[in-house]
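**Q** Here's the letter readout for the chains.
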Amino acid sequence: MSEQQWPLWEVFIRSKQGLDHKHAGSLHAADAQMAIENARDVYTRRMEGVSIWVVESKYVHASNPDDSSSFYDPANDKVYRHPTFYDLPDELKHM
Amino acid sequence: MSHSTRIDYTLHLADNALILGHRNSEWTGHGPILEQDIALSNIALDLIGQARNFYQYAARLLNETGGSAGTSGEVTEDALAYLRDAWDFKNCLLAEQAGGDWARTILRQFFISAYQFFLYEELQQSRDSELAAISEKSLKEVSYHLRWSSEWVIRLGDGTAESHTRMKKALDDCWKFTGELFLPAGYEKQLAKEGIAPDLTLLQEKWDARVREVFEEAQLSVPDTEGKRAASPAEKGSVSVVEKTGSAAGKSTWMQTGGKEGRHTEQLGYVLAEMQFLQRAYPGCEW
Chain A
1 MSEQQWPLWE VFIRSKQGLD HKHAGSLHAA DAQMAIENAR DVYTRRMEGV
51 SIWVVESKYV HASNPDDSSS FYDPANDKVY RHPTFYDLPD ELKHM
Chain B
1 MSHSTRIDYT LHLADNALIL GHRNSEWTGH GPILEQDIAL SNIALDLIGQ
51 ARNFYQYAAR LLNETGGSAG TSGEVTEDAL AYLRDAWDFK NCLLAEQAGG
101 DWARTILRQF FISAYQFFLY EELQQSRDSE LAAISEKSLK EVSYHLRWSS
151 EWVIRLGDGT AESHTRMKKA LDDCWKFTGE LFLPAGYEKQ LAKEGIAPDL
201 TLLQEKWDAR VREVFEEAQL SVPDTEGKRA ASPAEKGSVS VVEKTGSAAG
251 KSTWMQTGGK EGRHTEQLGY VLAEMQFLQR AYPGCEW
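Going line by line, the protein sequences match chains A and B. Residue numbering for the first sequence is 1 to 95, as defined by the numbering used here. Residue numbering for the second sequence is 1 to 287, as defined by the numbering used here.
Hints are computed from structural coordinates only; laboratory data are not their basis. Think of the CB as a built atom: it goes at the ideal place given N, C-alpha and C, for glycine as much as any other residue. One or more of the hints may lead you astray.
As the list claims (entries may be wrong) - Label-pair ranges, simulated between beta-carbon atoms: (1) B:Pro32 to A:Lys93: 50 to 60 Å; (2) A:Pro7 to B:Asp78: 22 to 32 Å; (3) B:Leu278 to A:Asp67: 51 to 61 Å; (4) A:Ala75 to B:Glu26: 34 to 44 Å.
Stated by the list, open to error - Computed list of lysine-lysine pairs in DSBU-like fashion (alpha-carbon distance at most 35 Å, straight line): (5) A:Lys16 to B:Lys189; (6) A:Lys22 to B:Lys140; (7) A:Lys16 to A:Lys58; (8) B:Lys189 to B:Lys137; (9) B:Lys140 to A:Lys16; (10) B:Lys140 to B:Lys169; (11) B:Lys193 to B:Lys169; (12) A:Lys58 to A:Lys22; (13) A:Lys93 to A:Lys16; (14) B:Lys206 to B:Lys193; (15) B:Lys137 to A:Lys22; (16) A:Lys93 to A:Lys78; (17) B:Lys193 to B:Lys140; (18) B:Lys140 to B:Lys189; (19) B:Lys206 to A:Lys58.
Could you build all of it, start to finish, from the sequences and the hints given here?
**A** Have a look at this one:
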């Protein structure tokens, strides 16, 4: 292997038609085509998927863990944001 | 219908897959990068899976006719893989050649995958329904092997100066073994007449076209293409002799043959020594 590392890619796999793509992990590849093939070899060997997305990791923007108090804590005491105050008719089974 | 030619042919198909599969498995844990280590190991497993299907069929035919193919007792797929000697193996010489560097491994895979691709495509129409079924199943895998190896040939051939040089070296090492792929052994000729095996001349045309297509993109030239290759001073001393323009699988380049009939290079001995050691040393051992 050369000193230069291949770029890192994030892999998303759709396990069944109709479901959404889920993050499966990451891998190294020289280009997008190779990333998809590597993902096929690394993550779908046991019939895990029917569709693959790859995104070069540098294009993923992540939230900063330091922001967690301002990002998430304010949601703590707002129970009314959850639709739990409705009286549901008994006929409704799947809510 | 003679069973023995059909057994020979089935063993030939099985041996090609097993020996190349084993050669590829030598890279497991040694690949240039984790993802490609896994990719090549996957291909090895695919090939060994194909070999199993063919061996199971050959074992059934052998048990029906009381043949042994060089093994003793009831013939099983394992006996065919682990208990035959080099002269019983009918794989093409290219499959048994050492992987060398990544370039040679890739090129060996590409040549054989292209061959298997067109072979299995034709074999799907074989009058032997078992061979047709195994081929249909294997074709899906081989399509991927061909795609994977083609891209690597292009990536290395049209890559850096170093990768290009290594591809050319690999080509010099491998080319002389490609002629054998299309030179029918006795059992292939016989079965082609019976509509069980495909006509290798037709296969060769398709293989040639595919190799040229990929090589063009990879900035590599087919060794017997007149002018281009012969004109390059760097090519002096190459193994292949360049004379006239001919078919890609070289009528003008000297070709090494014999594997299909059990006459192998010394390379097969090393493969078998490692592959068969456990069953030879501890017969019937399971784990």
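**Q** Would you pick out the hints that fail for this structure and give their numbers low to high?
**A** Hints 2, 4, 5, 11 and 19 are the ones this structure does not satisfy, whereas the remaining hints hold.
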